[in-house]
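Since chain U is already given, all that's left is putting chain Z on it; use the hints.
Sequences listed follow chains U and Z, in order.
Per the numbering used here, the first sequence runs over residues 2 to 170.
Per the numbering used here, the second sequence runs over residues 2 to 170.
Since the hints were derived computationally from the structure, they do not count as laboratory data.
Incorrect hints may appear among the rest.
Which copy is meant is left open, because identical chains are indistinguishable; a pair holds if it fits in one copy or across any two.
Cut-off 20 Å, straight-line C-alpha distance, at most; resulting in silico cross-link-like pairs (DMTMM-like, lysine to aspartate or glutamate) [as the list claims (entries may be wrong)]:
1. 123 x 89
2. 65 x 127
3. 25 x 55
4. 154 x 168
5. 52 x 28
6. 169 x 55
7. 68 x 55
8. 153 x 131
9. 164 x 134
10. 68 x 168
11. 85 x 53
12. 65 x 53
13. 153 x 28
14. 167 x 53
15. 65 x 124
16. 62 x 168
17. 52 x 168
18. 153 x 124
2 protein chains.
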Amino acid sequence: MNVIEAINTRRSIRQYTGEVINDKHIDIILRAGFQAPSAHNFQPQEYIVVKESETLELIAKRHKYAKALPLAGCGIVVCGDTTKESREGSLIADCSASIQNMLLAAHELNLGAVWIGLHPVKEFSEIISEILDIPEHIIPIAIVAIGHPNVKKEAIDRYNEEKIHKEKW
Amino acid sequence: MNVIEAINTRRSIRQYTGEVINDKHIDIILRAGFQAPSAHNFQPQEYIVVKESETLELIAKRHKYAKALPLAGCGIVVCGDTTKESREGSLIADCSASIQNMLLAAHELNLGAVWIGLHPVKEFSEIISEILDIPEHIIPIAIVAIGHPNVKKEAIDRYNEEKIHKEKW
Numbered sequence: 002m003n004v005i006e007a008i009n010t011r012r013s014i015r016q017y018t019g020e021v022i023n024d025k026h027i028d029i030i031l032r033a034g035f036q037a038p039s040a041h042n043f044q045p046q047e048y049i050v051v052k053e054s055e056t057l058e059l060i061a062k063r064h065k066y067a068k069a070l071p072l073a074g075c076g077i078v079v080c081g082d083t084t085k086e087s088r089e090g091s092l093i094a095d096c097s098a099s100i101q102n103m104l105l106a107a108h109e110l111n112l113g114a115v116w117i118g119l120h121p122v123k124e125f126s127e128i129i130s131e132i133l134d135i136p137e138h139i140i141p142i143a144i145v146a147i148g149h150p151n152v153k154k155e156a157i158d159r160y161n162e163e164k165i166h167k168e169k170w
Numbered sequence: 002m003n004v005i006e007a008i009n010t011r012r013s014i015r016q017y018t019g020e021v022i023n024d025k026h027i028d029i030i031l032r033a034g035f036q037a038p039s040a041h042n043f044q045p046q047e048y049i050v051v052k053e054s055e056t057l058e059l060i061a062k063r064h065k066y067a068k069a070l071p072l073a074g075c076g077i078v079v080c081g082d083t084t085k086e087s088r089e090g091s092l093i094a095d096c097s098a099s100i101q102n103m104l105l106a107a108h109e110l111n112l113g114a115v116w117i118g119l120h121p122v123k124e125f126s127e128i129i130s131e132i133l134d135i136p137e138h139i140i141p142i143a144i145v146a147i148g149h150p151n152v153k154k155e156a157i158d159r160y161n162e163e164k165i166h167k168e169k170w
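Okay, chain U solo, but in the shape it has when bound:
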């Protein structure tokens, strides 16, 4: 699948078969995450790969948008290290670029994935920090749920000409 095709056909997948994804695929997705650019090349991202069903179920129980996680079978929590990037906005940007790479890589592998937001919703990020023993200086930005899709979603065209401005606002 070429890049633009992947970008245009990727959808958020929240329904999974429950089939376990293999570690080779997780490795490819993680590697894609690392390849994102970061401001000043600080590379503040850290990744927590969660596969244990008890943990996934605990997260699903406590985070209302993470209900799909247990059946996905894998959640990669993308975090930012504030000692490497002290500007919160840049930290979020770096992690988000990384997450987008991961979502596209998962799509290429015919896996389904969805971005489950944590930060800046304090309630969500605190739940995850508590469950996964994340230290104070690390901000969990989002969970990328990944699994075998149990649904086929058609591509959606989100293009909106009204949002394109020429030369000035």
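This is chain Z only, laid out in the frame that chain U set:
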């Protein structure tokens, strides 16, 4: 070029030939930007396409990391509408996912591109808001400079096993 290959070989390009990129390519890159996921599907992104050399030079003169812009020939300013997404962190995340799509699309088209950060550096975002008449409720997040590359950069492997945690931090 498949997705994972594109992700792994994309580099930030700051040297350009000065050759003008065609509007079809700008359209493909913009469309890629629109296809990024956004929290709650609010889609707060807005895009300002700047091609006039006077404007590009003015930005380059006032933003120290935007020196490459005039020779690139095109800068797409990705902004977030705070009336559509009031959480700044989510706004940054949405725009960043969009930017990453655009960088990958540019790479697929054999164009060079680089992410020039604006927000959260107040100095930079204010300069751009002033030059491009951006209203108060719109936050310019970054400029994606796009042009014909005048340099060939080898892929870099940014993988770092130490940043991967299993099950917990």
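Quick rundown of the hints versus the structure:
For the identical chains of this complex, residue 123 and residue 89 are neighbours both inside a copy (14 Å) and across copies (13 Å), given an alpha-carbon limit of 20 Å. Taking CA atoms no more than 20 Å apart as the test, residue 65 paired with residue 127 passes inside one copy only; the shortest distance there is 14 Å, against 37 Å between copies. Taking the shortest alpha-carbon separations for residue 25 and residue 55, neither the intra-copy value of 22 Å nor the inter-copy value of 50 Å comes in at or below 20 Å. Taking CA atoms no more than 20 Å apart as the test, residue 154 paired with residue 168 passes in neither setting, with 36 Å inside one copy and 30 Å between copies.
Taking the shortest alpha-carbon separations for residue 52 and residue 28, only the intra-copy value of 13 Å comes in at or below 20 Å, while the best inter-copy value is 40 Å. Only between protomers do residue 169 and residue 55 lie at most 20 Å apart by alpha-carbon distance; the minimum there is 12 Å, versus 52 Å within a single protomer. Proximity of residue 68 and residue 55 under a CA criterion of 20 Å is satisfied intra-copy only: 13 Å inside one chain copy versus 51 Å between copies. When the C-alpha separation of residue 153 and residue 131 is checked against a cutoff of 20 Å, the pair qualifies neither within a copy, at 34 Å, nor between copies, at 45 Å.
Proximity of residue 164 and residue 134 under a CA criterion of 20 Å is satisfied inter-copy only: 15 Å between copies versus 41 Å inside one chain copy. When the C-alpha separation of residue 68 and residue 168 is checked against a cutoff of 20 Å, the pair qualifies only between copies, where the shortest distance is 18 Å, while the shortest distance within a copy is 44 Å. For the homomeric pair residue 85 and residue 53, neither the shortest alpha-carbon distance inside one copy (29 Å) nor that between copies (37 Å) is at most 20 Å. Taking identical chains as interchangeable, the C-alpha atoms of residue 65 and residue 53 lie at most 20 Å apart only when both belong to the same chain, with a minimum of 19 Å there against 47 Å between chains.
When the C-alpha separation of residue 153 and residue 28 is checked against a cutoff of 20 Å, the pair qualifies neither within a copy, at 24 Å, nor between copies, at 27 Å. Within a single copy, residue 167 and residue 53 get their C-alpha atoms only as close as 50 Å, which misses the 20 Å cut-off; across copies the closest is 10 Å, which meets it. Only within a single protomer do residue 65 and residue 124 lie at most 20 Å apart by alpha-carbon distance; the minimum there is 11 Å, versus 38 Å between protomers. Taking the shortest Cα distances, residue 62 and residue 168 sit within 20 Å of each other only across copies (17 Å), while inside one copy they are farther apart (48 Å).
Only between protomers do residue 52 and residue 168 lie at most 20 Å apart by alpha-carbon distance; the minimum there is 7 Å, versus 48 Å within a single protomer. Taking the shortest alpha-carbon separations for residue 153 and residue 124, neither the intra-copy value of 32 Å nor the inter-copy value of 45 Å comes in at or below 20 Å.
This entry does not satisfy hints 3, 4, 8, 11, 13, 18, going by the numbered hints stated previously.
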